[in-house]
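Work out the full structure, taking the sequences as your base and the hints as a guide.
The chain contents come next:
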Amino acid sequence: MAEYKLKTPISEEEIRKLRVGDIIYISGIIVSARDKAHMKALKEDLPEELKKYLKDGVVYHVGPVVKKINDKLIPISAGPTTSIRMEPVEHEFIKRFKVRVVVGKGGMGDKTLSALKEFGAVYAHWPGGCGALAVNAIKNVKKVFFLEELGVPDAFWVLEVENFGPLLITMDSHGGSIHKEVSEKVERNFQQILEQL
Amino acid sequence: MVNLEKIIEDTAVKMLQLAVTELPPDVMNALKKARERETNERAKKILDTLITNAEIAKERRVPICQDTGLIIWYVKVGEDFPIKSKLYEILKNATIRATKEVPLRPNAVDPITEKNTGNNTGPHVPYINWEIVPGNELHLTVLPKGGGSEYWCRLYMIKPIEGLNGAIKCVLQTLKEAMGKPCPPLVIGVGIGGGADIALKLAKKAILRPLDDMHPNPKVAELEQRVLNLANKLGIGPMGLGGDTTCLGVKVEVAARHVATYPVGIVIQCWAARRCSVIINKDGSVRYLTHKV
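Residue numbers (my numbering), protein chains in the order written: chain A, 1 to 197; chain B, 1001 to 1293.
Think of the hints as simulated: they come from the structure by calculation, not from any bench. Just so you know, not all the hints are guaranteed correct.
Which chain A residues face chain B? A few, computed with CB under 8 Å, are given here [as the list claims (entries may be wrong)]:
1) 50
2) 81
3) 131
4) 133
5) 175
6) 176
7) 178
8) 183
Negatives, chain B to chain A, calculated, CB over 12 Å [as the list claims (entries may be wrong)]:
9) 1079
10) 1130
11) 1257
Backbone N, C-alpha and C fix where the C-beta goes; we use that ideal spot for every residue, glycine too.
So, in structure tokens, the structure goes:
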């Protein structure tokens, strides 16, 4: 288990080095996207500037709490949302926008795992509910796309971060998934408990 | 003359702020005890992170989790408390104010227009559970219920011959399907009996009980302990990444069931089991039950 510091844009080579259990810290630009943002990105042509941030970049499943301070919207709590909701569309999202790191919580399924392998990306886990801690790494809101249309939680927030982490790689680009491993173990425990019930 | 309406509204705003920024002591203690018992190294680290995050949130008075929930109120109004029908308006205003002042994340979306209302209100929201009780006090509890855990709430209508073991199986099945997604370690509310709606209502109310309390019915208390032990044997662990700590508590409530039905309502609450309760006397004095103010 190794630790890596990554800076956006991130190359495929850097991603292929990562294995489940590794820890990463990200500096540079990350882009938030939840359900509505994913759907919009796949249905419509996104602004070029936004596409540029996504390419070789980081998508974070998050809808922050923001506070208006001196006329600027500042995230004050920004932990991850449940990633599995994006499972039906994440494969296509990674393929189309060449995203290298998906940050979220709870893990994703086989379809996403195959996209990570095919296009060279990883899934990095931040403990759910830890919104207060996550904002430590956010240095600036660079831009917000579609705030009016999508609302605060669902807009694309382009965030400048410094050493965002520790993020645990729970799905890598070689087919490894801690979520899958634990699931299989839980299934065995479940069957054992039922037999003794 | 005290302005009781204003006291209630201001208190309700304060309750929302406390609820989303500071865990009640019973939840914090349960997390710390779980950390001491945990044997899995990764799980220990995650529990440490959860505890640190909760401490930072309290210190900075910022939301523990960015999902500050759909706002649900539990209201017990004394029959001699002077304000009753106006309470809805007061709590709705408090919810709108708290959204701006705390701030909370706007989470209320109209399912027909798909528009976020921007202020945490909308059809039937905030939702209020009413009870009328004797006395001259108003008991208020707020439950800002996160969506990630709510997604995994389930209703099972099992066959009466399956009985309590059947109900236990429903809980374990739900946890197994959910894995790390509802943000374990969890608090699980279980409502058994009544009708479909009653079982779920009881289950949701159950998650408001302090984690260190004891059910007054010893048989129910024993059932709660049994389900908790079994749930923690699943090995889901904090965030579903393995470990001994899958649940912080299991709370069961029962209602008489129809001879032919056996409803099992399951409500899942995340580790950030946020709530705030107060008692407001008709003289305007306020007592906080879950937080030091």
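Each hint tested on the structure:
no., hint, result
1, 50, "violated (20 Å)"
2, 81, "holds (7 Å)"
3, 131, "holds (4 Å)"
4, 133, "holds (4 Å)"
5, 175, "violated (18 Å)"
6, 176, "violated (13 Å)"
7, 178, "holds (6 Å)"
8, 183, "holds (6 Å)"
9, 1079, "holds (39 Å)"
10, 1130, "holds (29 Å)"
11, 1257, "holds (21 Å)"
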